[in-house]
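Quick mapping for you: the protein sequence lines, in order, are chains R and F.
Counting from 1, position 47 in the first sequence corresponds to residue 47 in our numbering; the numbering is continuous, with no gaps.
Counting from 1, position 13 in the second sequence corresponds to residue 13 in our numbering; the numbering is continuous, with no gaps.
Think of the hints as simulated: they come from the structure by calculation, not from any bench.
Among the clues, some could well be false.
To be verified - Calculated cross-link-like contacts (lysine-lysine; reagent style DSSO-like; alpha-carbon spacing at most 27 Å): (1) R/K319 <-> R/K57; (2) R/K22 <-> R/K168; (3) F/K75 <-> R/K22; (4) R/K170 <-> R/K319; (5) R/K39 <-> F/K75; (6) R/K19 <-> R/K123.
In case you want the letters, here they are:
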Amino acid sequence: MTDLVERYLASVERRLPEKTAKDITAELREALEATLDAKAAELGRPPSTDEVAGVLKAYGAPAVVAARYEGRMHLIGPVLYPWFWPAQRTAIGVIVAIFVVLTAIRALASDNPVQAVLQSADKVIGWGLGTFAVVTLVFVLVERTADPVKLAESCWDPKSLPREHIRKPKSLFESGVSLFFDVLFILFWTSLLKFPNELPLREGASVAITLSPVWSVVYWPVLALGVLSAAAHLFDMLRPAWSRLRSAMSLVGYATGLGVLWVVFQGRPFVEVQPQPGTSPEDLERALRLVDGVFLVALGFGALVWAITLGVEVHRQIKATRMSLPDARAAACR
Amino acid sequence: MPIAADILEALRLELRRGTLILAVLGTLRAEQYGYSLKTRLAEAGVDIDEGALYPMLRRLESQGLLVSEWREEGKRQKRFYRLSADGAGALEQLTAEWRAMNAALNSIIEGGRT
């Protein structure tokens with residue numbers, strides 16, 4: 001079975017009820033295998049990728065094929081329904097992302113940040129519901145005025161099927177939370193958002209923690225990484241399936257991140273501690289060891305995770321390349 | 001004014017829909033798997049879209065008119081369908097209905113020409 005058929009089956013399976021999905025796709029696999037065997041016998045050679053794509057195109061768009069197994073009536077018909085929730089997620093996700101950024105800016109400029117956040121939260125619910133209603137209305141209108149089957153069949157290309165088996169598509173929630181923390185980090189890094197930095201040691205003694213000068217060396221690379229990460233997570237919200245472009249963004253991000261950590265590790269300590277009234281030199285030394293140790297463990301663990309993830313992403317790129325190889329073989333046959 | 005092609009196509013599909021079930025039930029008096037069933041139907045002059053055939057088979061099975069089992073043949077797992085006892089009864093009744101309708105339609109169509 002070719003990579004294209006596997007991707008097609010995965011796309012159909014994703015749209016079927018869980019209870020019957022495996023059984024239906026097993027039968028679909030059998031049908032496609034038989035059709036491709038007949039095609040190979042007719043041609044006297046294995047079908048090329050374009051010919052396999054032609055068979056799949058004739059069989060029907062995954063949404064249309066899956067819809068044929070659904071016998072129920074809907075406000076949004078079964079052909080358009082698979083696009084309905086992704087469209088809602090994207091539209092609402094974009095609205096929420098805009099609100100998160102606006103709320104952060106408003107909270108920073110406000111004397112009462114908590115109230116500013118609560119006011120925005122109230123508005124975001126209204127905008128979210130409004131967006132849901134507008135998207136639903138658009139789908140109902142398309143359902144009533146266009147021919148959804150023709151529409152679905154005309155706007156799909158078997159070769160553009162996502163490689164869902166290379167990486168499970170990311171959920172909107174996961175991407176949304178990641179984007180939120182990216183925005184928070186960018187605001188912190190650019191000093192638009194400040195966190196309390198006083199560390200109490202004992203009764204009447206505390207120290208103020210600040211980042212050491214080594215971080216200023218990597219200021220711009222870290223900011224660029226923050227922006228790249230936010231862009232990648234926004235991309236995930238719009239296109240959750242694995243793609244080479246998204247994977248390349250990850251590779252650049254993790255490799256740069258590891259480079260930044262290497263520079264920072266060379267310039268330890270990671271932090272500086274300033275004494276507050278009532279703090280002894282021993283307190284200062286102890287606080288520096290403690291906080292620097294915490295940074296060492298956290299950044300060391302981060303470096304390990306990034307290195308592993310970098311390896312996994314390289315493996316996915318190789319896997320995707322190997323799956324594309326039949327294209328070259330098919331071209332050679334022509 | 002000539003009738004629009006899409007209207008004619010919709011009418012043709014409507015006309016074929018019921019007869020396809022009769023053709024499938026009739027062919028499945030002997031056990032077949034999906035692809036062999038499609039081939040048999042095509043050889044008999046009944047073209048059916050694969051995308052429509054498999055959902056139809058599942059529906060007929062859920063209605064108790066067909067039974068199926070997965071079996072290996074030619075190093076591949078295939079799902080074989082055949083008519084159930086209820087399916088055989090339904091086929092008999094539908095065939096009688098078809099013959100009666102065919103006779104009536106012939107009479108109407110031929111009568112209209114005279």
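The hints, checked one at a time:
About 25 Å separates the Cα atoms of R/K319 and R/K57, which keeps this hinted pair within 27 Å; it holds. At roughly 17 Å between alpha-carbon atoms, R/K22 and R/K168 fall within 27 Å of each other, so this suggested pair holds. A hinted pair counts as satisfied when its Cα atoms are at most 27 Å apart, and F/K75 with R/K22 qualifies at roughly 20 Å. Proposed proximity of R/K170 and R/K319 is supported: the alpha carbons are some 19 Å apart, at most 27 Å.
A hinted pair counts as satisfied when its Cα atoms are at most 27 Å apart, and R/K39 with F/K75 qualifies at roughly 18 Å. At most 27 Å may separate the alpha-carbon atoms for a hinted pair to count; R/K19 and R/K123 exceed this at roughly 39 Å.
The earlier numbered hint that this structure contradicts is number 6, and it is the only one.
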